[in-house]
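**Student:** The primary structure of each chain is shown beneath.
2 protein chains.
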Amino acid sequence: MAASIIPFSITHEPIFPKFSKSPFTRNHKPTKLVTRNNSSSIGELVSEQNQQHHHAQRNSTYKPKLEEHLPRLPEEWREIQGENEWAGLLEPMDPLLRTELIRYGEMAQACYDAFDFDPFSKYCGSCRFTRRNFFSSLGMAHHGYTITRYLYATANINLPNFFKQSRWPKMWSKNANWAGYVAVSDDATAKKIGRRDITIAWRGTVTRLEWVADLMDFLKPISWNKIPCPDPTVKVESGFLELYTDKEESCGYCKYSAREQILTEVKRLLEVYKMEEVSITITGHSLGSALAILSAYDIVETGVNVTGDCRGVGVTVLSFSGPRVGNVRFKERLERLGVKVLRVVNVHDVVPKTPGFVFNEQVPAMVMKVAEGLPWSYSHVGVELALDHKKSPFLNPNADPVSAHNLEALLHLIDGYHGKGQRFVLATGRDPALVNKGCDFLKDHYLVPPCWRQDENKGMIRSNDGRWVQPERPKLDDHPEDMHHHLTQLGLANSYHI
Amino acid sequence: MAASIIPFSITHEPIFPKFSKSPFTRNHKPTKLVTRNNSSSIGELVSEQNQQHHHAQRNSTYKPKLEEHLPRLPEEWREIQGENEWAGLLEPMDPLLRTELIRYGEMAQACYDAFDFDPFSKYCGSCRFTRRNFFSSLGMAHHGYTITRYLYATANINLPNFFKQSRWPKMWSKNANWAGYVAVSDDATAKKIGRRDITIAWRGTVTRLEWVADLMDFLKPISWNKIPCPDPTVKVESGFLELYTDKEESCGYCKYSAREQILTEVKRLLEVYKMEEVSITITGHSLGSALAILSAYDIVETGVNVTGDCRGVGVTVLSFSGPRVGNVRFKERLERLGVKVLRVVNVHDVVPKTPGFVFNEQVPAMVMKVAEGLPWSYSHVGVELALDHKKSPFLNPNADPVSAHNLEALLHLIDGYHGKGQRFVLATGRDPALVNKGCDFLKDHYLVPPCWRQDENKGMIRSNDGRWVQPERPKLDDHPEDMHHHLTQLGLANSYHI
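First to last, the protein sequences are chains A and B.
With this note's numbering, letter number 335 in the first sequence gets 335, and the count goes up by one each step, no holes.
With this note's numbering, letter number 219 in the second sequence gets 1219, and the count goes up by one each step, no holes.
Some hints here could point you the wrong way.
[Claimed, not checked] Pairs of lysine to aspartate or glutamate, EDC-like flavour, derived with a Cα cap of 20 Å:
| # | chain 1 | residue 1 | chain 2 | residue 2 |
| --- | --- | --- | --- | --- |
| 1 | B | K1458 | A | D444 |
| 2 | A | K458 | B | D1113 |
| 3 | B | K1170 | A | D444 |
| 4 | B | K1174 | A | D231 |
| 5 | A | K391 | A | E91 |
| 6 | A | K174 | B | D1444 |
| 7 | B | K1458 | A | D118 |
| 8 | B | K1458 | A | E456 |
| 9 | B | K1458 | A | D455 |
FYI, nobody ran anything at the bench for these hints, they're computed from the structure.
Source: prediction; values computed, not measured.
Chain A on its own, in the form it takes in the complex:
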């Protein structure tokens, strides 16, 4: 009964190439691939990558090499964190910087993967995991970080597309949305990366781009919302400012503003690790990037990064697909304070072009001088790493605008970027299938299902009596007992009515 059928046991065909050795270490110029660039079409490249890949399959030696360049980190982490404004690290792309961008990008991506945005869930708007199980639940235990605090924002402000609310009448909180976390590298990781790293990751908006339209596109002096600033002409987008400073005292989760949560936690951690070398790395995608830049500014302007022995701990923002945050005075103030910002963007993404479509850092200085007084004259900050999804042979060049804003896709672009004009070649072995987790961006012939990341039965489980129910979740931590103590020390307690 043999038949001319194709058997079920076809080997899965992964979709990235194999290189026995990474052609891009800091000391090896990618000459071979550069010369190839002119002679290969993208189609040929893909087919060639597939062949290389088949070879890899047979030898079964292929391993992701995200950690390959990490041994350099204890020596070079200051440079990687932007001490010299990333000079010489972007063109060509430094493989250690690439590794670090992907590592922190995954910390930002975790905010999406952990967020419950199903309005039919009674925990909608919260984090799906307790902070102790956060990284292990996401398969990220190897990152070697411990979350010390979850961050919450009040949903009372006018950014409806940032906040998700449950349809359940009895919710975990009517006012709060989970907004990210503060994590610290554990001892083993601290040793591996050369310092104790405090990472703050801010959640962005989920999937759609409507939140851009929610922005009031109105610059407001930063000091109006009680963030100290010696210069009243330093202004930021009022929506970001409110998101960062608003609170709702009737709610256990957002009775403190995001600002108060961040400042007290950074202060507390710097006391805990006062005998160590420490870095503060703030990351976020999209709206999360705006919060990252704003909180970085605040930490340094407020001085909570200054330790007892008067060392200033460096603050770095690794921003992904972020919008503009403030005016040119804000940019200058950030620079004077020494906050380092590396902004990774996809040039086809509309979000980094907002707010400030008309007046921004790209118009001539003379025009900007005139426009400076206008409340909608924005400026990007820091150093930009501009990537182009049309350079990746894996991606559909004509995907929808939401895909161009996708964080997983941006991490894929970082993985294949080697410098301007260089050929796109995946360097770390990061799985391109991840691109389609939450969008439809990979070319169809790679046969990765679009938007494939989903929970079994939308999280419903069968109870003992056979009924399908939403399982209970353990209560999330709200805020530590010593908040008031830290707020008092920061001189912020008076704004809080106990």
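Could you slot chain B onto chain A? The hints should help.
**Tutor:** Just chain B now, kept in the frame of chain A:
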């Protein structure tokens, strides 16, 4: 740090009522609920059911009672299988018949739940489970049946919305689609239900209604496709006929037609169980109902249900949301052959109204007489159980037409139906949350996510090297070795070129 938040530990609120004792057994008239019918709005009913339910929660005594009436089955199964055309069992609804309709309806539903309809899957169009793991994978091991054979149809015929094809270039089969199964009650179940039951379940079309438009709406003499029939005026819809009789000899899975698969398997099983009392129950939803009726006709017309000692094994069709299949001659022929058909429909579903929108069993006999010669003059068969989703307080009365055709919703309607004009009250404790498995039909305030049945990460898993891949599946059985032997015995071998 206590706060006025709502804790995470709110108890889940299930959505069906609690009755300490079912008010509807065969000997108890539902008088209490009937009188209530006039005084309660649906809103009051729901609120009342919720209260009853809260009471149930506290006492935690509620158990589904699908099996409550089964002990009557060894005595009464012939009547339940339609020996007397279900006279007296529908008004009021007999609780044992309800139980049996749900039991077989779940066997039909299993065909959807097991079908791989994701075009990004390389096993698209196949069954997700091997036949030995079928019921256990679906949490239906308690049904007590063993699948003896999978059924396949060729996708070569012109019903594009019935067939699903993978986008993968190397598929498990280019021509075949999994179309259902043949199962036999195991020894324990056979004892419990009073006979050895052969169940044939046909898969219908997935989710959408486009397949109705695919039908050519053209009646064709049944004998033209080599199904024996003494009367050339007996006609059925040509699309159903082709689906049932076509084959593709180059494909291991559909080198035999669905017809050949069914007839040989029934014949084989009747030989295996020739010393026992046997029933044949054929079920299917939607297009699967058409195949159920056609195959029931064929089994009896061909005589494969006649055992060695000349007993004719009864053949019953339990049809769900089925379209018309043939003309009035086909109906009469089915009746003469003694095939029993119970058709359960939702009166708001368009599918049972097709084909034959114009000329059907509902026009006056005189008109029908004139129209009889037309090739689009259809007639329903058997006994109809007409349900109305607007009677269920759980369902959104204005849901889309696809919901009105949904099988899980129909099983919910069966569960709450007690007779014409009777109040809708769930009888077996079957979970109404199941309604939303594949549609958005429950009222929003029940907070069951719409279309909640889904695989984790669309079936993608992480391989040992960290990449996301589609796992391999074991090869599905094609056809037994002794097919040709059985075909020869049936006189069908000449149509098969070995």
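**Student:** Confirm or reject each hint.
**Tutor:** The hints, checked one at a time:
1. B:K1458 with A:D444: Holds, at roughly 16 Å.
2. A:K458 with B:D1113: holds (15 Å)
3. B:K1170 with A:D444: holds (15 Å)
4. B:K1174 with A:D231: violated (71 Å)
5. A:K391 with A:E91: holds (16 Å)
6. A:K174 with B:D1444: holds (19 Å)
7. B:K1458 with A:D118: holds (17 Å)
8. B:K1458 with A:E456: holds (8 Å)
9. B:K1458 with A:D455: Given pair B:K1458, A:D455 holds - Cα atoms ~9 Å apart, limit 20 Å.
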